[in-house]
Structures are given as C-alpha cells and as structure tokens.
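So the protein lines, in turn, are chains G and A. This note's numbering numbers the first residue of the first sequence as 441 and each following residue consecutively. This note's numbering numbers the first residue of the second sequence as 3 and each following residue consecutively.
Fair warning: there could be bad hints in the mix.
[To be verified] Derived pair list, reagent style SDA-like, types lysine to any residue, alpha-carbon separation capped at 25 angstroms:
no. : chain 1 : residue 1 : chain 2 : residue 2
1   : A       : 94        : G       : 947
2   : A       : 94        : A       : 140
3   : A       : 94        : G       : 656
4   : A       : 94        : G       : 1007
5   : G       : 656       : G       : 691
6   : A       : 94        : G       : 691
7   : A       : 94        : G       : 896
8   : G       : 656       : A       : 140
9   : A       : 94        : G       : 1010
10  : A       : 94        : G       : 1012
To be clear, the hints were calculated from the coordinates, so they are not data collected in a lab.
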Amino acid sequence: MQKSPTRWLTATLLAACINASTAQMQDYAPVTDAMLHDMPVGEWLNWRGDNRAWGYSPLDQIDASNVGQLQLQWSWALDNTGAVQAAPLVHDGIMFVPAPRGVIVALDAANGDLIWEYRPSPQTSSTDSATGRSAAMPATAFAGVGRGVQKNIALYGDRVFAATENASILALAASTGALLWETQVADPALGYHYTAGPVVANGTLVTGITGCSRYKEDVCFITGHDPRTGEERWRTATIARPGEPGGDTWGDLPLQFRAGGDAWVAGNFDPELNLVYWGTAQAKPWARAVRGTDEAALYTNSTLALNPDTGEMVWFYQHIPGESHDMDDVFENILVDIDGEKSLFKIGKLGILWQLDRETGDYINATDLGYQNIVNLDPVTGELTYRDGMVQRIGQQIDMCPSTSGVKSWRSMAYSPQTSAVYIPMTLNCALATFGPTERVLGGGGVGPVRRNNYVHPDSDGNLGEVLAVDIPGGEVKWRFRTRAPINTATLTTAGGLVFAGDWDRYFYAFAADDGEVLWQSRLTTSTQGFPISYSVAGKQYVAVPTGISGASWSSSLPRELAPELSRPGTGSAIHVFALPE
Amino acid sequence: MKLLSTLATGFVAMTLILSANAVLGQEAGTLSAGVFSDTQAARGASVYSASCESCHAADLRGNSNAPSLLGMSFMFLWEGRSLEEFFVTIQKTMPSENPESLPPQSYIDVVSYILQANNFPAGPTELQAELDILRQIQITGH
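One chain only, chain A, in its complex shape (with noise of 0.2 angstroms):
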C-alpha cells in the first residue's frame, strides 16, 4: 500500500508539474520543433555581443582557446547532450573572468541565439531557464 501510496502521490505531483509547464508555454520538446523565440534569440544577441563576443567572436567561430560555437564544433562538443548540462555549463563556466555573474534569464537567451545560429528553427514559446524541462530536451543533429 505503501508504494502504491507514494506511486500515486508522484503521479499527482507529475502531473501538477506537467500542467504548470503547460500554463507556463513550456513543454518539453525536441530542438527541431522550435523550443525558443525570436525574440529571444534576439535578446540572447545581445547579451553574447556584451559578454560572449570578445572571446568567441562576432561570427561565433571562436578564437584563441575559445572554441567555435557554430557548426561541427558545437555539435561534436555538444549532440547527445541535453540543453540542460548545455545552460549549466555556460552559466557555471561564461563569461571566463566572471562565471555566474549574468542573470538567468540572460543565460538562456544566450542559450537561445546559439541554438539559432546553429540553424535550430524558432517556435512561437520562449525557453525557460527550468532544469527539468532543459533536462528532456536533448542536441541532436538536424
């Protein structure tokens, strides 16, 4: 009784979960389906250009030890990965001389323009800086 108890519970809490992404506007899904917006990528443009660009370049193709972050490069560092380990890392490690020192939401927006300059096709949603929905959401090649 016990298990089925606590089976139970979780389903409640999973859903609840589920219905507040809904409500949200953000579920997961899969990269080719459109997971950020246009605007976004437009605002994470401008967060790169202040705090990414100097190291990684204008074009994205990197420099010095930065890596390029378009291309072959990005899918070999980062296909079969999930946005969320892709999120943690850039905010855990970028920019160099200050990790963590952007604001969440500039993070994804960041996270959002790579993406699109990766040729990841925009959807009418933006993406949330939400570990579990990051999470569901894997790099794969398109």
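Pulled out of the complex, with its shape left as it was, chain G reads as follows (with noise of 0.2 angstroms):
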C-alpha cells in the first residue's frame, strides 16, 4: 500500500521564500515525546494542547484584567474549499494549520509570514461554467471523500503528519514542507475517508478512520504507522467481528452489514499507562430498527484503550449500548487525576459527562447535564436506559431532544486546573425526526434517512448556543453563557481565569472562568470554527481562532432553519491572532 513520493512529484509547493523564515526554520528544535507529554510553555503541540487533551494554555500575560484591550496582530485566509475545523499547532514560533481539502499552511506565529505551504495538487484558475466551480476554487476542491475537513494534524521530530480525505496518511518535513511519505491506508471508493489526523503516542503515529457506514466485507478501524516510513504497524477493528470477542452483539448480522463504529475525531495518549484513548462513532444504520439488532454492538459508541505499540484494545467502555438516535460519544477525552484517581471525562451528544477509570475502564461517575429525553442515566452503575417508545420503529416519528446535531459534538471541551471545571461547547436544539429504512445489500446502508423538523430547544431561552461550565467531579453547573446562535469552536481556557470560544454569529469571545462574564468579544470574517488555541513567541501571549465554512451537515443548516435573521459571508476562512498592544 505504500506510495511512492516520485509519485507525487506534483504536488504543489510554495516552499520557503522569506530569509529570516529559512533562519527560523534552521533552529526549529525537533518534537520529543518529553515535549508531547509535558508542553514547554508556550508551546501548543498536539491538537488539544499536551496529552492530557485539556485545551489549557499555563500562559498568564493575558488575564482578567486587561483581556479588553486584545487587538488583532495578523489573519492569514484559507481556502473556502472545505469545512474549516482546524486545531493549529505551534512550536518554536512557527504555527502549523490544517486548511480544507489536505492544505496545510506554516507560518511565521508572530507576525503571520508565509513560511511554506502544502498542497496535495496543483491549483486551476480555469472556470468550469458546467459545473459553476468558482475560478478561485482548488480544482482538488471536490477531490476527496466528505466535506473536505483536516480537524488536526501532528508534530513529531522534524515532521508534520496528516491524515487525508483521501484516506492516506503523509508526512511534512517540517523545515520545507516537502512530502516525506505517503501511505494509503484505505479505499476511498468504499468511503472510506479521514477527518481526524494522527497523534504520536510512545514512537507509533496512531489515526482512526471514519466513511465507514456503509456496507462492505470490511469494518472500521484505528491503525498505528511508523513515522519514519509510514509503514503500518497494526490495525485494530473498531467493530466485533462475527467469532471475535465481542462478535455476539450485532446478533446474527454478518460481518458486511456491521457498519460505522467511525473514529472521527483524533484520541490522546497516557504516557504513563502507555495507553491511547480513542473514540468510536454508533452503530449504523443510525437506527437499531434500519439496522436489524437491538443489541449492543461493540465497540461502537465506546471509549476504547489501545497499547500504542501494539494495537491491543486494553479496556474499552462503551458509553450507549445499541445507540439507537445518532448520539455519538466519539469525542475528546480529557485526562484528570481526581484525589489520586487517575480519570478521563467525556462527554457525547447527549449531554452527558462520563467519568471513567482511565487505568482500568471502569466506572466512577456520569452526570445528565440535563438537556436530552431519549435515555434515563443511573448515576450510580452508569447504565443507560431507553425511555418508553424512544427505541423508535421504521416511520415512527419521535420527539427528541437533542437532534441529530446532538448538544456537544466534535467542538471539544476544555479544562481549567484553576477552577475545576470543564467548559461545554453546546448548540440547543430538538427534532421531531422519522427514521427510515435503507437497503440492506452491499454498498447500500449509510446513516439510513431521516425526515426531521428541528427546532429550539423548549429550555432554552430562545438560545441555539450555551457555553456550559460544569465543576468536575461534582458536575454541578458553575454558570451558562447562551446566545441566539450555535457554539461553533472549541473552548480555551488560560492560566489568566479565562475561557475563550466563538459562534456561529462571527462573535470570539472571551469569559471570565469563575463566573462566566463576557471581558471581550470581536466579531470576524465568518462563522468562528474550529480550535482556538494559546501560544507566546519572545515572551508576548497570542490567542488564534480560525474561522470557517461548513462544519457539518447541521452547522450550516441549524441557524439558517432556526435562526434565519442570522447570516455569515460564505466566504471568509481564515486563521485570526490577537495579542495585547505593546
């Protein structure tokens, strides 16, 4: 499966033109595991910050205090081919973005120079007046599999590694941007494609597939590369197998109608437990009715433990067994050692914040944040439970809460040491939503259709967007932010006392952490999206934000259906930086 690099002689790349750049690139300092694990200051070198996946900078130059006069330094656009859910990344001054459509960009974090740029193919200025692809389009733009999404990417020695919508998996040098290597690692025909880019754990470059919802002889997984040649190390299914440990909770469905179990959205890495933790999308078809089991069907919907060395599945907990509404709890998992507790908090689309024993899998705690109807929690064995006539039939229309859009997605939350709390994301909606069948044949499956009328949710004030500060453990409500439309970034919290995160509306905010006052906001180019991050460069703080298109399918459809007097410029990517003014 390996690709040659003289394969790609033409890929396009605008490599180092500016000398103090080249300078800065010759003292670029290699990554180190040290490095990942415990960032140095300043630093922001995995996509949620270190391995711990906090979202939390330890910089204090911008704080309570003076967080109202943050000026804009510099913006540096990108393509409008895609959605942007970017996470940069940065290190010895040099900012890393994930841009639409396999683009990545390194510039100069101070001041926003044009270190190098990477495209997967060569740029078209031609209009193509068939198809109405606009003259400023990429002609890549429509070349992969999905929405053209590169949520993250990674840093490990002298490289800079992604995971592509193609369904490859390449490696940057970091100095030029030159393709190193690039190894496919799955069919894109079959829809296989990725979103989430890698992260390096003990020496092992380990990504997870996603595009795996329909049906085919082959199931979902997580691999682990080597990142000197790309070289697959392991692969390990996210989906039990038929005679495979496991294999007896899809009831009797063959291997070829097992589907989805998507690991969409990049894990992290205990270095201590040499454990990764990773998540599995649901089961599909969507609905347990389309799929042809009420069981529970492993390992999707889990947070799984991987050996990175090997792709051993340690412990796995799967958090809604025979997910049944498109509730996925695939997303970010944040390491807290609770009283010596060695701990992992999560929480998925319902709205509910799992506390797991990172060690071992087990238990410890959940707490229903309050805003879903589908299931009953008990609190004190974590079980779920389906509410009467939830578990829906093929053209029954149900009402729930959330929508498929579910409260939290892939807008991950953050953690403060400083207050104890986690800071929630969240978009408010309900839908009443009829789920239909699918063919069961090969290449058929799919999410299965859903005819849905989505609308605000009835505790919300009116409001689609609420940043939620929850304490943990406890899961008391510390304070809630809403406003008219959808949280559309990650948060951010600071060693200053704040939280920063953006919305659909263009608006960035910044809160103050205890209790959630607004010190600050400006308003950008476009909807704010993606992973606002923290870094310093010669001692001065900076704060990015990207801003973007698309998203996903409901980011652009919820405002415009339940928030029509709100709009934002189709255009208008880009990477925002700002700082205190000298």
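From these two lone chains plus the hints, build me the complex, please.
Written as structure tokens, this is what we have:
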C-alpha cells in the first residue's frame, strides 16, 4: 500500500522564500515524546494542547484585567473549499494550520509571514461553466471524500503528519513542507476518509478512519504507523467481527452489515499507562430497527484504550449500548487525576458527562446535564436505559432532544485546573424525527434517511448556543452563557483565568472562567469554527482562532432553519491572531 | 361584479401562464411522463460530480451524514412531496459548505440527474427551474 514519493512530484509546494523564516526554520528543534507529554510553556504541540487534552494554556500574560485590550495582530486566509475545523499547532514560533482539502500552512506565529504551504495538487484558475465551480476554487476542491475536513495534524521529530480525505496518511518536512512519504491506508471508493489526523504515542502514529457507514466486506479501524516510513504496524477494528470477542453483540448480522464505529475525532495518550484513548461513533444505520439488531453492537459508541505499540485493546467502555439516534460519544478524552484517581472525562451528543477510571475503564460517575429526553441514567452504575417509546420503529415519528446534531459535537470542551471545571460548547435543539429504511445490500446502508423538523430546545430561552461551565467531578453547573447562534468552536482555557469560545454568528468571546462574565468580544470574517489556541513567541502571548464555512451538515443548516435572522458569508475562512497592544 | 371581474382576470392570467409554459416547452406533468431530458441529466451528472459527490458518493448512496439519494432512502424522504420542495431544498442547503452558490440551472440539472438515477424516465424536454411548474409535479412511486 506504500506510494512512492516520486508519484507525487506533481504536488505543489510553495517553499520557503523569506530569509528570516528560513533562519527561523534552521532553529527548529525536533519535537520529542517528552515535549508532547510535558509541553513547554508557550507551545501548543497536540491538537488539544498536551497529552492530557485539557485545551488549556498555562500562559497568564492575558488575564481578566487586560483581556479587554486584545487587538488583532494578523490574519491568514484559508481556502473556502471545504469545512474548516482547524486545530493549529505551534512549535518554536511556527504555526502549522490544517486547512480544508489537505492544505497545510506554516506561518511565522508572531507576524503571520508565510513559511511554506503544502497543497496536494495544483491549483487551477479556470472556471468550469458546466459545474459552476468558482475560478478561485482549487482543482482538488472536490477531489476527496467528505467535506474536506482536516481537524488536526501532528508534530513529531522534524516532521508534520496529516491524514487525508483520500484515506492516506502523510509526512511532511517541518522545515520546508516537502512530502516525505504518503501511505494509502484504505480505499476511498468505499467511502473511507479521514477527518481527524494522527496523534503520536510512544513513537507510533495513531490515526482513526471514518466513512465506515456503508455495507462492505470490511469494518472500521484505527491504525498505528511508523513515523519514519509510514509502514503500518497494526490495525485494530472498531467493530467486533463474527466469532471474535464481542462478535455476538450484533445479533446474527454478518460482517458486511456491521457498519459504523467511525473514529472521526482524534484521541490522546497517557505515557505513564502507555494507553491511547480513542472514541468510536455509533453503529450504522443509526436506528436499531433499520440496522436490524437491538444488540449492543460492540465496539461502537465506546471509549477504547489501546496499547500504541501493538494496537491491543486493553479495555473499552461502551457509553450507549445499541445506540439508536445518532448520539455519538466519539469525542475528546480529558485526562484529570482526581484525588489520585486517574480519570478520563468525556461528553457525548446526549450531554452526559462521563468519568471513567482511565487505567481500568471502570465507570466512576456520570452527570446528565439535563438537555436530553432519550435515556434514563443510573448514576450509580452508569447504565443507560431508553425511555418509553424512544426506541423508534421505522416510520414512527419521535420527539427527541437533542436532534441528531447533539447538544455537544466535535467542538471540544476545555478544562481549567484553576477552577476545576470543564467548559462545554453546546447547541441546544431538538427534533421531530422519523427514521427511514435503507437497502440491506453491499454498497447500501449508510446512516439511514431521517425526516426531521428541528426546533430550538424548549429550555433554552430561544437560544441555540451555550457555553456551560461544569464543576468536576461533582457535575454542578457553575455558570452558563447563552446566545442565539450555536457555539461553533472548541473552548480554550488559560492560566489568566479566561475561557475563549466563538459562535456561528462570527463572535469570538473571552469569558471570566470563574463566573462567565463576557470580558471581551470581537466579530470576525465568518463563523468562528475550529479550535482556539494560545501560545507565546519571544515572551508575548497570543490567542488564535479559526473561522470557516461548512463545519458539518447541521452547522450550516441549523442556524439557517432556526435562527433565520442571522447570516454569515460563504467565504471568510481564515486564522485570526490576537494579542495585547505593545 | 367585482368577483366576476377578478375571476375573469385570473382566468386570463392563468391562460397566459399556461400558454407561456407551452411555448417554453414545459408543462406540468407527472414524473412517469418524463419531465427532464437525457441531455439535462447528463449535465446534472457533471454538476453532481463536482459539487455533490464528495459527500453523497459517486453512486449516490451517501456516506457519513450525507443520506443516500437512491431507492428507498430517497423515496422515504421525498415521496409525496413536490419537485418544488426538492429543488428549493437542494438550492437552499447545498453544497453544505456554500448553499445557493451554484447557478439555478445547475440545481435543476442535478434534480434531473437524481430523478434519472432513481429510474424516472427522461422525456423530450428539459425541466425548467420554474417554481410554479415544479410545484405541480409530485414525487410518486413508480
């Protein structure tokens, strides 16, 4: 499955052209395992900061007393060719930004100067009148599978690693952006693609595939690769095959009709336990009746703990056995020790905040944040049971909260050790939903059709967006901030006692972490979207936030449908960087 | 008298609309009679390939959050609804990263392509992006 780099000679590379930047790259220190675990202050090396995925910066130059003075320092426009869900990284004063459709940009993190740009194939300037494609749209704009999402990339050694919409993993030279290797992991013609990038765990690149919804003679998986060569070291299925442990949890469905378990959000790593934590999505089609089994369907909708050296599944915890409403629990894993107890916190679309023992996978606690009407939670055992009438029949309309958007999705929550709280970006809505059938044939399947009428959550005072501050481990609500538009970014916490988040209506906010007061806000080019970060260069703290179009199907459709008075431009994807005045 | 006058005016206006539609070669009909042309569906295939395929897949069976546009999935979502609803929904919501970004002709061509992919027959004339006409054409089983 290896591809020779020579096959990719057509790749366009806008190489380094600025002397100062070249000199800057000569000082680029290789990223080590120690750095990834104990992140140097001022860096942002993993997609959620350090290995604990707190989304927290220990920088405190910007604080509650001065955040109101934040000013835009620089911006860099990104292609409007797909969904921006970027998680920028910063190392040695260089910002690496994953942009839509496989583009990666390296910028001087202090002033926004271009250092290099990687593009998977040449750009075109022609206009195709038959397709209506914009002249400004690269030829690759629709070359891959999906919406062109590239959430995160990884830094390790002197390389940048990415996973593509064409189901390949690649390595670039961090200094030049030159393609070093690209490995085809799966066949995109079967629907496979990546939206989440790799993470590095004990010298192995770990990456989860998505696009696993269609019926085929294969199942979804997570792989480990050699970062030097791209060689695949292991592959762990996220679906239990017939005859394997857990294989009896799919009823009598044969292998080809066991779909889903997409690993579409990157995991993270605990080097002390040598475990990688990775979430899996629900089984497909979404509804049990359409899927053809009421069984648990392992290892869907679970948190998996994998040995990064071998791919061995050391433990799993399935959050919603036999999930039936598109309620993923695939999202970020926040690693916090509570009174010496090695915990993992996670929240899924239902808005249930889970606490697991990350060493054993044992259940510790769960808190229903009160926005869902689908399940009952036993907080003692963590067992979920569907409420009466909520396991839907084909063609039966149900009134479900949340809608299939979830109250929480890929927009990660952040944790602050100062307040012992997580800050959760939410979208408050429900739906009258009717789930329909699919053909049970090879190539068929998918998520299944849903007739839906979305509506604003009745407990939200007409607001779609909420940042919810929740104490952990207790689960008490500390404060909530509501706004008409969905919260459309991850949250970022800083040692300056601040929380940053943005909404679909282009606002980017700074909140006081302790009480939620809005201390600063700015309005940007289009929807804030992606993962805000904070870093420092030469002693100066910066805050960066992406803006972008698309996002997920509901990200575009929900505000249009439920907040039609709001609008945003269909362009304006960019990275924006703020700092205090000199 | 006012009522009669209004009705008469309405009748004349309706006649003119129908006449204009006949001149344009487009009248309301049923899907089984063939409301789009092969040429139009072929154009729609090109638009689909450029703007829809990455999410809904080359064979229209969908992927991830993008539903299948074929067979029982398509009929579950659209049976009993009008081509106007189908056309307007696509135009207002797709492509998801940039709704309403294609020319109206591209949207109506894509509608034709999807209908053809669902085994609705082509006919001698092209389907026009005229809401009054599309409203009268129901999506029904065949």
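Verification of the hints:
1. A:94 to G:947: With a Cα-Cα distance of about 24 angstroms, the restraint between residue 94 of chain A and residue 947 of chain G holds, given a limit of 25 angstroms.
2. A:94 to A:140: holds (20 angstroms)
3. A:94 to G:656: Outside the cut-off at roughly 33 angstroms; violated.
4. A:94 to G:1007: holds (13 angstroms)
5. G:656 to G:691: OK: residue 656 of chain G and residue 691 of chain G at ~18 angstroms, within 25 angstroms.
6. A:94 to G:691: Status violated; Cα separation ~41 angstroms.
7. A:94 to G:896: holds (20 angstroms)
8. G:656 to A:140: violated (34 angstroms)
9. A:94 to G:1010: Distance ~13 angstroms between residue 94 of chain A and residue 1010 of chain G Cα, so the pair holds.
10. A:94 to G:1012: holds (19 angstroms)
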